[in-house]
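Undergrad: Protein chains in written order, with my numbering: chain A, 1 to 335; chain B, 1001 to 1549.
Just so you know, these hints were derived from the structure itself, not from any lab.
Be aware that one or more of the hints could be misleading.
Pair by pair, the computed Cβ-Cβ distance ranges are [claimed, not checked]: (1) B:1021 <-> A:50: 55 to 61 Å; (2) B:1013 <-> A:295: 29 to 35 Å; (3) A:59 <-> B:1352: 27 to 33 Å; (4) A:309 <-> B:1355: 51 to 57 Å; (5) A:199 <-> B:1005: 24 to 30 Å; (6) A:50 <-> B:1400: 35 to 41 Å; (7) B:1347 <-> A:309: 53 to 59 Å; (8) B:1146 <-> A:176: 58 to 64 Å; (9) B:1118 <-> A:63: 36 to 42 Å; (10) A:47 <-> B:1348: 30 to 36 Å.
Each residue gets a CB set at the ideal place from its N, CA and C atoms; glycine is no exception.
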Amino acid sequence: MTGTSLVTAHERALAVLGGEPDDATLRRYLHGIAGVDAVGLEQRAAALGTRSIKTASKAWALDKIISLIDLTTLEGADTPGKVRSLAGKAVTPDPADASTPRVAAVCVYGDLVATAVDALGAAHGDPDDGRVAVAAVATAFPSGRASLDVKLADTADAVAAGADEIDMVIDRGAFLAGRYSLVFDQIAAVKEVCRRADGTSASLKVILETGELVTYDNVRRASWLSILAGGDFIKTSTGKVSSAATLPVTLLMLEVVRDWHRATGQRIGVKPAGGIRTSKDAIKYLVTVAETAGEEWLQPHLFRFGASSLLNDVLLQRQKMRSGHYSGADYVTID
Amino acid sequence: MSFLEYAPAPESRGILSLRDEYGLFIDGEFVDGRGAPFQTISPANEQRIATVANADARDVDDAVSAARRAYDHVWSRMSGRDRGKYLFRIARLVQERARELAVAESLDNGKPIKESRDVDVPLVAAWFFYYAGWADKLDYAGLGQNPRALGVAAQVIPWNFPLLMLAWKIAPALAAGNTVVLKPAETTPLTALIFAEIVQQADLPKGVVNIITGAGDTGAALVGHDGVDKVAFTGSTAVGRQIAKTIAGSSKKLTLELGGKAANIVFDDAPIDQAIEGIVNGIFFNQGHVCCAGSRLLVQESIHDEVVDRLKARLSTLRLGDPLDKNTDIGAINSREQLDRIRELSDAGVAEGAERWSAPCEIPSNGFWYAPTIFTNVQTSHRIAREEIFGPVLSVLTFRTPQEAIAKANNTPYGLSAGIWTDKGSRILAVADGLKAGVVWANTFNRFDPSSPFGGYKESGYGREGGRHGLGAYLAPAGLGRGAAGTPAAIAAEVAGGTIEPATQPEASTQPEASAQPEASAQPEAASQTKQATRAARTRKPTTKGTAK
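Extracted from the complex, chain A is given alone in its bound form:
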């Protein structure tokens, strides 16, 4: 099971579940997965956070973090000007140092996709080729409270405007009510709409909004559900709910993608988003990725940081490593 586009979510679910993805089957499957002990999970995350990353490892880590960032602006006040500024920053994070890698993507609301694509120009493309992708939030982001038709139209709109990646939200209400098949069907439907006319497909990130799912058991089940339904990435949060990405939640999601890979051979991405503001924190995430899913996950198609202020802190740290002294906020650009 390699290329996701070759296998429909339905086929994939059938193979893993051994039955139709209805509420009863999904419930049996998701509730059969081993539980999560919160204390143990948090202890493990804290232990990973004590790794001491210095010198050459730190320099590598800082560049890697930049190349994994989805530089994000998701405000009601976003304007074409703001998005063009963000795109400029994405392509040239540090004008004083040309060796600085580009970020993986810019992440905007659907109506600003065309602006972002236009602003990136020739730099728009696959992050594997050193270009910057455009990600759009969709499906009535951030609440997801709209009819399926509206969600699909929202998604189709963004894909048509040139979005390479779609960050959708799950229906948390349906999930918490135990209507797993509804969540499954919506993800599968959005995945279908991600297909382009030429047969390629926008990558689908499924936002669980872990701050609203609250328990780790829920996060684990929602992660499995999203992957079964065809998500290419599982993402922690919208950034609009107070408890956003945390290290334990990300560790838990990494354990799921590791187990999914073990079971199917297929690699799913993970994106913590919201609340990661410092290089020090971001390095803890890199350590957690490398020691949980494996080092091969440290690439833009398998791991992203959803962040806005993180980039400047990494740039300041990067400058410090090169010059030996700290500069200041005026030595990095506001986006």
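Given chain A, work out where chain B should sit, using these hints.
TA: Same frame as chain A, now just chain B:
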């Protein structure tokens, strides 16, 4: 480059200001020992750290005499509140010098700096803070009003947690009003000697804490010394047995914390990722040099293969190497002798038909090292399933039902600790109830807290350390003075959580207070009368308190 080959991040040794030679710490000063000095080395590279004095019988005599003087003239007369102040001061000094103590511990013992920094030293401070708080509240220790200190405590500790075991011994002893002579293990004397400096820094009255270094004969001379009222030992069952024989028939009160072969029981509904972490922490924490290590993994047969696969994958990420590197997970084996024992038992495991798997890791050329190792296909009859290996070696066995898990877990001469992993709360309680182990962890392992009593069943020893129960090991009820330590089983059971203290001969009239209750000196009635006296004291308590107010 591979990110996982983290660049070296060594903790600096610059913070240490070690002496080249260390004497014995007797009566508040460092003095020369009369025995032949020995060297303490770093097990990670076999390099000498310092030369340490060796106490012979005369030195032991000096130390016990100093402790006796300090007990008679200063410490036993001091109020609990004042003793508490000293203990708080020591706790704060441990915190202030935490980094230095952590570096010294990792250097001398071989344990990873992340463990000495994040576990050992913080717990040492916590232990002193906890018992400092008890010093003026001994009326509530469970022995009735005005419980009495025992006198001079002889304490012999092992090399696996050198400073932590020192804290477990010294903090409750001093809080209860005893003075101590402590002997650290010969391979790890360094942090005890730095602790002696802290004792000086805290301005503790001289002779209250004496630290003497040496090997087994020093320890034997100490526990056998006539001037000692209490013996506390942590170490191997063989030595513990020897000590029990030595002091049998004397008035000395004894607590022993000995070996273990703990079962870590994983049920098929366990939170699997956390269980894997718990298994790793249970046996590979401190290179498995832990008396309560979860060295026998009892895994439900239905998930055996999955658990072993996950365990192997996890072990492959462990980093073995320089104990002072902040990213090291597995440090050095403490001594060549211990390494030889681990090798011998592992080879026996292979010879008996178990299957050995060791994590792929590079072994440094100098020093003592053993890669994290798992044995599968282990049968209950194998030596590696019965004998304490005290190293990073896990024996994996299977079970089918909870009853079988309990039976297998209890099928050992030891009974120090056990672990249970399941998502089902009722099963945790039911299985814990059936386990003959002093400590049972549920969905975690190797967690310690000063308020929680710790100790063993069967050949794992008797007496409890930690918590209110730990105080009981250093106290006698009012009226039972020094030497009158024939604590009745009934009281011991209450105080030590079901542990039976060895009955020893009461020796009346060594303390003036004993004459207040002369009948307490008469055997065999002493037991029941003491019990009555204690009960009476308890009954009176509220009234007395009322009057006092």
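Undergrad: Now look at each hint and say whether the structure bears it out.
TA: Going down the list of hints, with the structure as the test:
1. B:1021 <-> A:50: 55 to 61 Å: Taking Cβ atoms as reference, residue 1021 of chain B and residue 50 of chain A lie about 35 Å apart, which means the hint is violated.
2. B:1013 <-> A:295: 29 to 35 Å: For residue 1013 of chain B and residue 295 of chain A the Cβ distance comes to about 31 Å; the hint holds.
3. A:59 <-> B:1352: 27 to 33 Å: 50 Å, violated
4. A:309 <-> B:1355: 51 to 57 Å: Hint holds: Cβ distance 52 Å, inside 51 to 57 Å.
5. A:199 <-> B:1005: 24 to 30 Å: 41 Å, violated
6. A:50 <-> B:1400: 35 to 41 Å: Once the Cβ atoms are compared, 39 Å apart, the range 35 to 41 Å for residue 1400 of chain B and residue 50 of chain A holds.
7. B:1347 <-> A:309: 53 to 59 Å: 57 Å, holds
8. B:1146 <-> A:176: 58 to 64 Å: At roughly 59 Å between Cβ atoms, residue 176 of chain A and residue 1146 of chain B fall inside 58 to 64 Å, so the hint holds.
9. B:1118 <-> A:63: 36 to 42 Å: 29 Å, violated
10. A:47 <-> B:1348: 30 to 36 Å: 33 Å, holds
The structure fails to meet hints 1, 3, 5, 9 from the earlier list, while all remaining hints are met.
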